[in-house]
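Sequence lines, in order, name chains G and B.
According to full-length UniProt numbering, the first sequence is numbered sequentially starting from 1.
According to full-length UniProt numbering, the second sequence is numbered sequentially starting from 1.
Treat the hints as calculated values from the structure; they're not laboratory data.
Yeah, the Cβ is synthetic: ideal placement off N, Cα and C, and Gly gets one too.
Take these hints with a grain of salt, some might be off.
For the chain G half of the interface with chain B, some residues (derived, Cβ under 10 Å), not all of them [to be verified]:
| # | residue |
| --- | --- |
| 1 | Q321 |
| 2 | E546 |
| 3 | A552 |
2 protein chains.
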Amino acid sequence: MPYRAPVEDYQFIFDKIVSMDEVAQTDLFAEASPDVTDAILTEAGRLCDDVVAPVQRSGDLHPAALENGVVRASPGFKDAYDQIAEGGWVGISADPEYGGMGLPYAMCTAVNDMMSGACLSLQLKPLLSQGQIEALEHHASDALKAAYLPKLISGAWSGTMNLTEPQAGSDVGAVASKAVDNGDGTYAISGQKIYISWGDSDLVENVCHLVLARLPDGVPGTKGISLFLVPKYIPDADGKPGVANSLHVVSLEHKMGLHGSPTAVMEFDNATGWLVGEKHNGMACMFTMMNNARLGVGVEGVGVAEGAYQKALEYALDRKQGRSPIENGTGAIVDFADVRRMLTTMKAEIFAARSIAATCAVALDLGRATGGADHKARAAFLTPIAKAYGTDVGCEVAEMGVQIHGGMGFIEETGAAQYYRDVRVTAIYEGTNGIQAMDLVGRKLMDGGEVAYRLLEEVEANCEAGRSLLPELANDLWAMAESLRETTEHLVDQGMQDRFAGAVPYLRAFARVLGGHYHLKAALAEGGTGPRSVLASFFIKRLLPEASAALAHAREGAEGLYALSPQDLGAA
Amino acid sequence: MPYRAPVEDYQFIFDKIVSMDEVAQTDLFAEASPDVTDAILTEAGRLCDDVVAPVQRSGDLHPAALENGVVRASPGFKDAYDQIAEGGWVGISADPEYGGMGLPYAMCTAVNDMMSGACLSLQLKPLLSQGQIEALEHHASDALKAAYLPKLISGAWSGTMNLTEPQAGSDVGAVASKAVDNGDGTYAISGQKIYISWGDSDLVENVCHLVLARLPDGVPGTKGISLFLVPKYIPDADGKPGVANSLHVVSLEHKMGLHGSPTAVMEFDNATGWLVGEKHNGMACMFTMMNNARLGVGVEGVGVAEGAYQKALEYALDRKQGRSPIENGTGAIVDFADVRRMLTTMKAEIFAARSIAATCAVALDLGRATGGADHKARAAFLTPIAKAYGTDVGCEVAEMGVQIHGGMGFIEETGAAQYYRDVRVTAIYEGTNGIQAMDLVGRKLMDGGEVAYRLLEEVEANCEAGRSLLPELANDLWAMAESLRETTEHLVDQGMQDRFAGAVPYLRAFARVLGGHYHLKAALAEGGTGPRSVLASFFIKRLLPEASAALAHAREGAEGLYALSPQDLGAA
Chain G
1 MPYRAPVEDY QFIFDKIVSM DEVAQTDLFA EASPDVTDAI LTEAGRLCDD VVAPVQRSGD
61 LHPAALENGV VRASPGFKDA YDQIAEGGWV GISADPEYGG MGLPYAMCTA VNDMMSGACL
121 SLQLKPLLSQ GQIEALEHHA SDALKAAYLP KLISGAWSGT MNLTEPQAGS DVGAVASKAV
181 DNGDGTYAIS GQKIYISWGD SDLVENVCHL VLARLPDGVP GTKGISLFLV PKYIPDADGK
241 PGVANSLHVV SLEHKMGLHG SPTAVMEFDN ATGWLVGEKH NGMACMFTMM NNARLGVGVE
301 GVGVAEGAYQ KALEYALDRK QGRSPIENGT GAIVDFADVR RMLTTMKAEI FAARSIAATC
361 AVALDLGRAT GGADHKARAA FLTPIAKAYG TDVGCEVAEM GVQIHGGMGF IEETGAAQYY
421 RDVRVTAIYE GTNGIQAMDL VGRKLMDGGE VAYRLLEEVE ANCEAGRSLL PELANDLWAM
481 AESLRETTEH LVDQGMQDRF AGAVPYLRAF ARVLGGHYHL KAALAEGGTG PRSVLASFFI
541 KRLLPEASAA LAHAREGAEG LYALSPQDLG AA
Chain B
1 MPYRAPVEDY QFIFDKIVSM DEVAQTDLFA EASPDVTDAI LTEAGRLCDD VVAPVQRSGD
61 LHPAALENGV VRASPGFKDA YDQIAEGGWV GISADPEYGG MGLPYAMCTA VNDMMSGACL
121 SLQLKPLLSQ GQIEALEHHA SDALKAAYLP KLISGAWSGT MNLTEPQAGS DVGAVASKAV
181 DNGDGTYAIS GQKIYISWGD SDLVENVCHL VLARLPDGVP GTKGISLFLV PKYIPDADGK
241 PGVANSLHVV SLEHKMGLHG SPTAVMEFDN ATGWLVGEKH NGMACMFTMM NNARLGVGVE
301 GVGVAEGAYQ KALEYALDRK QGRSPIENGT GAIVDFADVR RMLTTMKAEI FAARSIAATC
361 AVALDLGRAT GGADHKARAA FLTPIAKAYG TDVGCEVAEM GVQIHGGMGF IEETGAAQYY
421 RDVRVTAIYE GTNGIQAMDL VGRKLMDGGE VAYRLLEEVE ANCEAGRSLL PELANDLWAM
481 AESLRETTEH LVDQGMQDRF AGAVPYLRAF ARVLGGHYHL KAALAEGGTG PRSVLASFFI
541 KRLLPEASAA LAHAREGAEG LYALSPQDLG AA
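Only chain G is shown next, with the shape it has when bound in the complex:
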């Protein structure tokens, strides 16, 4: 049973859960009719199943390696990447003017999810290019766009994000890389950057780095940082990779997972770069890229969860162990109640996280297509939830996948352990999940909770609509939504430290309530009976109650949290 991309799940979500029809009614996305999206999902699914999934183990067993200054990708990656590029999958949502498909970001999100389940290490490469394409579309000069976008969108070249430095991780404002104006329209960029995913590889002709650096007159902190495009090879007069730029890969990290994705330390030594956007406005430009990248990482988590789930299900259906505890069972361990509990939890969590991500993507699309502030605010609110919950689900589902495999889960040959190791970083990069939660209770509640309450009104309207068909589920969900509203009201009145103290459990509770909402919607869509209704019942009755504990935690605030001194914690 090889990996099968969740095409049907996305078809259902687009059809019944999110407002994909509304997206297709906009001028911008008029082409995204159901038959088009169905065809594209099917085609992408085939690529993931037949081309991407087969290189998953190769990336783990034969890590990308730095050889004579060049990063050699894992065996099989070149061919798979070429097929991704040739199919146009790098530029699904990119501007058709430069060769993109111009499809909604919801489509791109679905494909990113499906591809992450096939091979996360490889999927990360197009994901990074997508972020760079978006940043250039929004902020680069026409000349830069013309020179770089067609290459990036076709996949001939690829993009990276160069934010982090040893002293500047979550605190991006501490960036120390320098930029000096060369007086000829270019800048000299110097500094060391770390954690640069796909910082180099032999898969593409050219690697384009988006680098945060400080001009001499840049003030300290985030407001003095500018963004530069720094290619590995400077395009020549014909637009082809020309002279080698003054930058190189210092080393690759030895990581717990994601071995197929080279993580580079990059050194820029008076490298030639071009300003993207306004001077000192690099953070804003970077955030254009990062917001969608956050949603992209969220579905990386969901995708890996899907891969881990399918592998665990296969094992559970195959592995015989003891007498079946049920009549007419399969005889395999899937018959055991606790194995069922784990599998059903995995499946229910994936659907919840996937629906949240799709909702966020649709809000982004509607915001872009209509300019509506409501849609944009909703997308901004859902982004940290989609990122943190999607990747938490990735970690938890991969963890259960290992557990279902028993001893075999700890043995690398099965591949269950690879999902567990690979996915772990998704809860860390693109802003740790703690940072996401701080963003949610900080910036995203700055509106006094307005967006949150609108989402909760939707949840409650759904409960009202479902009350006659599924009264118990509707009532349970309604009650939890009310608790969430009360806690939101409480948090809005608190200072930042009190909000931050409970940020992670608050985000978790919000995701649980939204998850219950989409599960109920799915159940109602099939008339209240059938597998989606069973899954909804499982989620709402067995998993949703956790939100109550998380909300209690979130309300506790910072009091007592600093009462333990570092010495009390165990500092020497």
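Got chain G; can you put chain B on it based on the hints?
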């Protein structure tokens, strides 16, 4: 800040939380006075800090390897093991008649915990010998005892457990290895065993395998299995390792973690073995060994959690990132509310799991020293909780340790990832945590809940005692204990499938309530103010509420769990 064994924590737990004084009042353990236990804990702590912890990274970086049929241990392991053996630490609880220290199992548990935090791969070796020593003490003939116990207790030889076969994992009754009576007091053992931890190594002169196999007249299932002692080298007339036995290591597994601990596939080919215990009674003999091994694995989880916690704390105290959000802060990331939340959660969970393990160990000791059925039943009840909760805490704390490290957590150099990889197997081996939970709601509630209710009476008495000093904590805990009682009453009335469906959340809730109980006890012991009271408040107000959701989950039963067919789950 190198690893420091939690000596003071154990001194506090022995002094204030568990009935160590009661243990010392028995004839059997009269020597275990507070000053003796203090001295031994201190000495063991020194060994762990100075000798064992320094080889932790070596085991990961230089895995044990099979070379010309012999397993070569990781660099440094030989010297560290020799010092463990010379200090008498293998035989802490072993019979003094054969060279053991004869100390309570509570002491052994404390040392196992401390040593697991130092280096789990190496600690596993003495742990396995301890299990074998115990099985032989209880079930072997005097001749076997005389020949093997002194060697095993001194650490000159080591022991392994050979249960699992490819088709017989959680279902031990499916064992297919064969034993044939040689007619000379020995048996010919044949078969293949998998997952044999420390199945061989160059650390010791001889490796003694306890092997489950079936005699020709053994009935199918667990009741037809016998236990045999099968040494790598057959002792000669002087008791020294003599002729090589007919067994060998086929291969070592490539595992996600615990690289320093060789996991062997063993082949026995008419190997000479000696019967341990009665014929066809092998499972009962093995359970003598496995029950304590389960507690031992529980504190493996707790120990790794301690190591991961200390490493994360060190990083959090050291890593500067952004402006401190608090006045008079350290300036490092420990000042951030979410980092505090994680660190405090880790510390609170470790104390809870450690206290449960210590309580279980003391019950074992009192059961052994007094023969009291109450103590034995309590130990039996607490064993699956100590195993599953201890190792779950190990996994969760190691996971948070990675998160606190941010990007560095995913890089192998820091060692945070090693804890995360190493500890994962503890939730699987010695009976998966799902099996532990089934044991709890199945066998351990067979008494109609009697032991559970007695534990809850203790919890509630503690609440009564604390009501004047810490009314809020006492009330919260009391209420949750009542919910647990009601759920227990409910489960006792259910059939097995309904119990099993909620077994894991039920076990979790029971552990949470007990954890709250020991935290409250600790707070009361310091008069209701001070760091232990702050930690108790954190646990009871922020973590204990999760028990409520877990109990709701546990009460749901099997209904609906089988409503999703394998096809609904995604089977092809």
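Results for each hint:
1. Q321: Nearest chain B Cβ about 5 Å off; hint holds.
2. E546: Cβ of G:E546 sits 4 Å from chain B, so the hint holds.
3. A552: Where the cut-off is 10 Å and the nearest Cβ of chain B is about 4 Å from G:A552, the hint holds.
Hint violations for this structure: none, all hints satisfied.
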